[in-house]
Amino acid sequence: MSDDGAQDINRSRAVDWALRAYVVAAYAFVFAPILASFVFSFNSDRFPSLPLGQFSLDWYRAVAADPLVWEGLRNTLLVGVVAGVISTALGFGAAYTDYRYQFFGKQVYLALALLPPTIPVIIMGLAMLAFLSRMDLSGNALSVIISHVVICAPFAMAIVRLRLSQMDPALEPAAWNLGASEWQTMRHVVMPFTRPAILGALFITMAVSFDEFAIAWFVSGLNETLPVKVLGFLQGQVSPRINAIGSFVFVTSMTLVILAQVLLAGRDTTARRASGEQE
Amino acid sequence: MQTDTLVSIDGVIKRFGSFVAVQRMDLDIRKGEFLAIMGSSGCGKTTTLRMLAGLEAPSEGVIRLAGQPINDLPTWARDTPMVWQSLALFPFLNVRENVEFALKMRGVGREERRQRAEQWLERMQIAEFADRNIAQLSGGQRQRVALARSLVVEPQILLLDEPLSALDAALKVRMQSLLKNLQRQTGITFVYVTHSQSEAFSMADRVVIMSRGKIEQIGTPQDIYRAPRTRFVADFLGSSNIFDGTVSRILPDGVELDTPSGRLRQTGGSPEGRPGTGRPATLTVLDTRMRLSRTPPPDGTNVVPVRVVGEEFVGATATVYLETEHGQEIRVQKGHEELADLSIQPGQALFAHWSPEDGHLLTQA
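One line per chain: the protein sequences are A and B, in this order. Just so it is clear: in the first sequence, position 133 is 139 by this note's numbering, and no numbers are missing. Just so it is clear: in the second sequence, position 188 is 1167 by this note's numbering, and no numbers are missing.
Excised from the complex, chain A in its bound form:
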């Protein structure tokens, strides 16, 4: 349907409405459980039931008062930030290698680099536990960081690679030709060009690490991250505190993901403006 209110003669009204209804239903299906958890986290009742009780921040207070939650949060943040930075650096390196060099076995190199997220997490967790315990690295924050870098780096690589694919292949040689060494070019051309993707990758990898449960459960030992703590709570008792923690984790990772989306999409509009404008 166009802005002036005239009917688009090539579209059927009924189909339009059906498609809209479909979109609403699909999103409802995806987001209803999260929304329910979010709503019940502010509900004063002990058990989730309708009609809702009073609005209350009790569960958040209870969570905030729990030293175990703070410990989990501290671990999660530490792991998330460190794993995010390391995996973004590794992902950038892998993506740049792919962009810059042609070499024998490059397809295999890329396939291996992108493989970790496709491995079932249980198997990955078990393997990590077996390997790290043999290296005497199991059961602490470092072991979670190592494991999370393994699963996060491919995401960072994919994001940076996408951005590099938008870079004019002449940009780097142009910088060399203007007197910039390879290091100067990396610093003054490649990094600034990929900056939105680097920041985006940083946020996404932090969000992935923040949410990751299965592998952390295997390797974290006593230094449990927040998702692992949540499971601990669930096993002990059903408490709306879980809704509160869940909402917090959800909002945090959504914020990171949205930040990444804004960064990655923002560049596209400038590119479109660039190509659309003429004298």
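Treat the hints as calculated values from the structure; they're not laboratory data. Keep in mind that the hints are not guaranteed to be accurate.
[What the hints assert, rightly or not] Simulated DEER-style distance windows between Cβ atoms:
(1) B:Glu1308 / A:Leu120: 55 to 63 Å
(2) B:Ser1065 / A:Ser187: 46 to 54 Å
(3) B:Ala1045 / A:Arg193: 29 to 37 Å
(4) B:Asp1051 / A:Ala271: 17 to 25 Å
(5) A:Ser18 / B:Gly1326: 50 to 58 Å
(6) A:Ser18 / B:Glu1302: 54 to 62 Å
(7) A:Ala271 / B:Ser997: 42 to 50 Å
(8) A:Gln108 / B:Leu1230: 28 to 36 Å
(9) A:Ser18 / B:Glu1308: 53 to 61 Å
(10) B:Val1041 / A:Gln108: 25 to 33 Å
(11) A:Ala271 / B:Phe998: 36 to 44 Å
(12) B:Ser997 / A:Gly111: 20 to 28 Å
(13) A:Gln267 / B:Ala1045: 50 to 58 Å
(14) A:Met173 / B:Glu1308: 57 to 65 Å
[Stated by the list, open to error] Some but not every residue of chain B turned toward chain A, in silico, with C-beta under 8 Å:
(15) Ala1036
(16) Thr1054
(17) Met1061
(18) Ala1081
(19) Phe1292
All figures in this text were calculated on a predicted structure; none of them were measured in a lab. Note that beta-carbon positions come from the ideal geometry of N, C-alpha and C, so glycine has one too.
Let chain A serve as the given structure and place chain B on it in line with the hints.
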């Protein structure tokens, strides 16, 4: 080596695997000249330019800049800036920062950088856009930024790789005169790679025509246009009619050829390289030098009976396409007034003729 030679390309070969992109090239580029390298895609013109810029290394041979071999110098250690076909401006920097880039990389201080960039921004008439993003500029303004960015280091030579190919026709012509004036005023040697004959011929002092990695001809635009050296050049320029034949007689100042279109006479030109009697030879006649008439001209020299195939309008002139009895295509370019008298119709029989001194004998097959 001449004293006014800036760049000498000496026996340079460039191979990519088994593909030979440039075949044993010898070329001297003079100080302060505007040299155009022209050819169709894959002829080795861009590879040659990239070797000058230091983006490709020659497989064999030596390239000298001001007498010094530069084969092993990386591109960032040479003063051979290039203007790219895509312009390759830095999209994350504004106009001023783009222009300052080369100075910054060379460690020039902030104040001097700003001053020198300012000069070029003004010279290229883009000073008012200095703080804009590249994305906010028009095509012509971007060209100027690209030129300023390359020229700010005041190099001896500027390499240009089809920089105008993305512009519309009117802007292209304006940029051509800007480039030509810029080159004259600065005295910087320009090496300009293009596939466009009009760009090369309108700007360059000398034109190099390349085909399949080899230089076919080097000369001024007028020389090449009037006297193509090889069949490839004559074909490539597309402005000559080509007649193949055998030399039947040597004249005091020319030759007579037997061709499928009859006996043709050519006079003038250098006697050097003129083939002997019985040897194959190729004659070219510019399409603007050919005349058409309804009746055969009285002197009977160089007259070819033809039939009209069609007519094409090219602004002030028209190109008439004709065919000889043997099916050879002949093109004649004339003003509309001249053609009006002939009232040309497809299928009509006419006579094409020209003076012997308007013919040109190719010195190489």
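Here is what the structure says about each hint:
no.: 1; hint: B:Glu1308 / A:Leu120: 55 to 63 Å; in the structure: 57 Å, holds
no.: 2; hint: B:Ser1065 / A:Ser187: 46 to 54 Å; in the structure: 22 Å, violated
no.: 3; hint: B:Ala1045 / A:Arg193: 29 to 37 Å; in the structure: 31 Å, holds
no.: 4; hint: B:Asp1051 / A:Ala271: 17 to 25 Å; in the structure: 45 Å, violated
no.: 5; hint: A:Ser18 / B:Gly1326: 50 to 58 Å; in the structure: 56 Å, holds
no.: 6; hint: A:Ser18 / B:Glu1302: 54 to 62 Å; in the structure: 58 Å, holds
no.: 7; hint: A:Ala271 / B:Ser997: 42 to 50 Å; in the structure: 45 Å, holds
no.: 8; hint: A:Gln108 / B:Leu1230: 28 to 36 Å; in the structure: 60 Å, violated
no.: 9; hint: A:Ser18 / B:Glu1308: 53 to 61 Å; in the structure: 56 Å, holds
no.: 10; hint: B:Val1041 / A:Gln108: 25 to 33 Å; in the structure: 28 Å, holds
no.: 11; hint: A:Ala271 / B:Phe998: 36 to 44 Å; in the structure: 42 Å, holds
no.: 12; hint: B:Ser997 / A:Gly111: 20 to 28 Å; in the structure: 22 Å, holds
no.: 13; hint: A:Gln267 / B:Ala1045: 50 to 58 Å; in the structure: 53 Å, holds
no.: 14; hint: A:Met173 / B:Glu1308: 57 to 65 Å; in the structure: 47 Å, violated
no.: 15; hint: Ala1036; in the structure: 14 Å, violated
no.: 16; hint: Thr1054; in the structure: 5 Å, holds
no.: 17; hint: Met1061; in the structure: 5 Å, holds
no.: 18; hint: Ala1081; in the structure: 4 Å, holds
no.: 19; hint: Phe1292; in the structure: 29 Å, violated
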